[in-house]
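Work out the full structure, taking the sequences as your base and the hints as a guide.
Number of protein chains: 2
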Amino acid sequence: MESSTILPLSQLSVSPWPKRAHQPTRSRPWTRRAYQPTRLIRCQKMYVPGFGEASPEAKAAKNLHNFFTYIAVRIVTAQLESYNTEAYEELMEFLSRHSLNDGDKFCANLMRESPRHRSLALRILEVRSAYCKNDFEWDNLKRLAFKMVEESNTRLMRDYVLETSPEEQEK
Amino acid sequence: MESSTILPLSQLSVSPWPKRAHQPTRSRPWTRRAYQPTRLIRCQKMYVPGFGEASPEAKAAKNLHNFFTYIAVRIVTAQLESYNTEAYEELMEFLSRHSLNDGDKFCANLMRESPRHRSLALRILEVRSAYCKNDFEWDNLKRLAFKMVEESNTRLMRDYVLETSPEEQEK
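So the protein sequences, as listed, match chains A and B. One rule links them: number in the working numbering = place in the first sequence (from 1) + 19. One rule links them: number in the working numbering = place in the second sequence (from 1) + 19.
One thing to keep in mind: the hints can contain errors.
The list makes no distinction among identical chains, and a pair is therefore deemed to hold if it is satisfied within one copy or across any two copies.
In silico DSS-like cross-links for lysine-lysine, where the CA-CA straight-line distance does not exceed 27 Å [claimed, not checked]: (1) Lys152 / Lys166; (2) Lys166 / Lys124; (3) Lys124 / Lys152.
What the hints contain is simulated information worked out from the structure, not anything from laboratory work. Predicted model only: the values in this text are computed from it and were never measured.
Here it is, written out as structure tokens:
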């Protein structure tokens, strides 16, 4: 239907590498079973450098938080379009001037635009909370991510093997 | 420790609005309880426009997939740094030339760089699968996202109230 829609989460901007993210003094196992000097070490997870006091889960949650704001804005806009054209156009106009990259900043700015914008902002806050807690399918997210990593790994290896197989090279 | 690290998921690039993402002909409820004409309608979720045949969960999973690749690259690089300086430098050099935005594309390119790079790519594939399935704390992600939406909503409203309260304006 709208499969060509520009989606926020497919546009990651990953910095090639942060500076000084590595600590040359430590040796780290690269699988959970590779290095277990004593049974006293309970944490068998792989060491993920560079997240400081935060965690990968916190970073992913922050990202999802912005995604939920984006979705809430889409939900509210779609609703307004059908029964409140004036509010719809105000919100669209505001969207053309403000980035949704930072959902909280967007909502904070929207609240301060005008009393009418403020009520829209409150509605977006309510919708993103309801969406996160009730509508978003967390189990499905996990299932899809598992499936994606398996399928991607298989596809990458298969493509490489096909590309470099003798039959292919003889053509 | 490395709290100033540049993180991939905090750099969302959200397009202000996709074109033709709305369908003016339909009326949509904006909370799950607001509109239940008959008991036959089983889906009580809010309508999220603009995802076409995909779903928000699939988009979020795709995003996490790239995040897991980023994390796998970090894990492998940190391990190499301590015991295989040559491979570490090769990977870092490759990273300086290739974007990690699309994890699968990065791995596909890495596999085709040289036989040594290929073994690094296979290792990254293995680590991202293990990380996704064993190490990443899915329940924690959900808990943190719930907490984040509550705290952010409260903070945004509190800040606004404080900013516009009479005492504040009298100062």
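Cross-check of the supplied hints:
no. : hint            : in the structure
1   : Lys152 / Lys166 : both (23 Å within a copy, 10 Å between copies)
2   : Lys166 / Lys124 : between (34 Å within a copy, 18 Å between copies)
3   : Lys124 / Lys152 : within (21 Å within a copy, 33 Å between copies)
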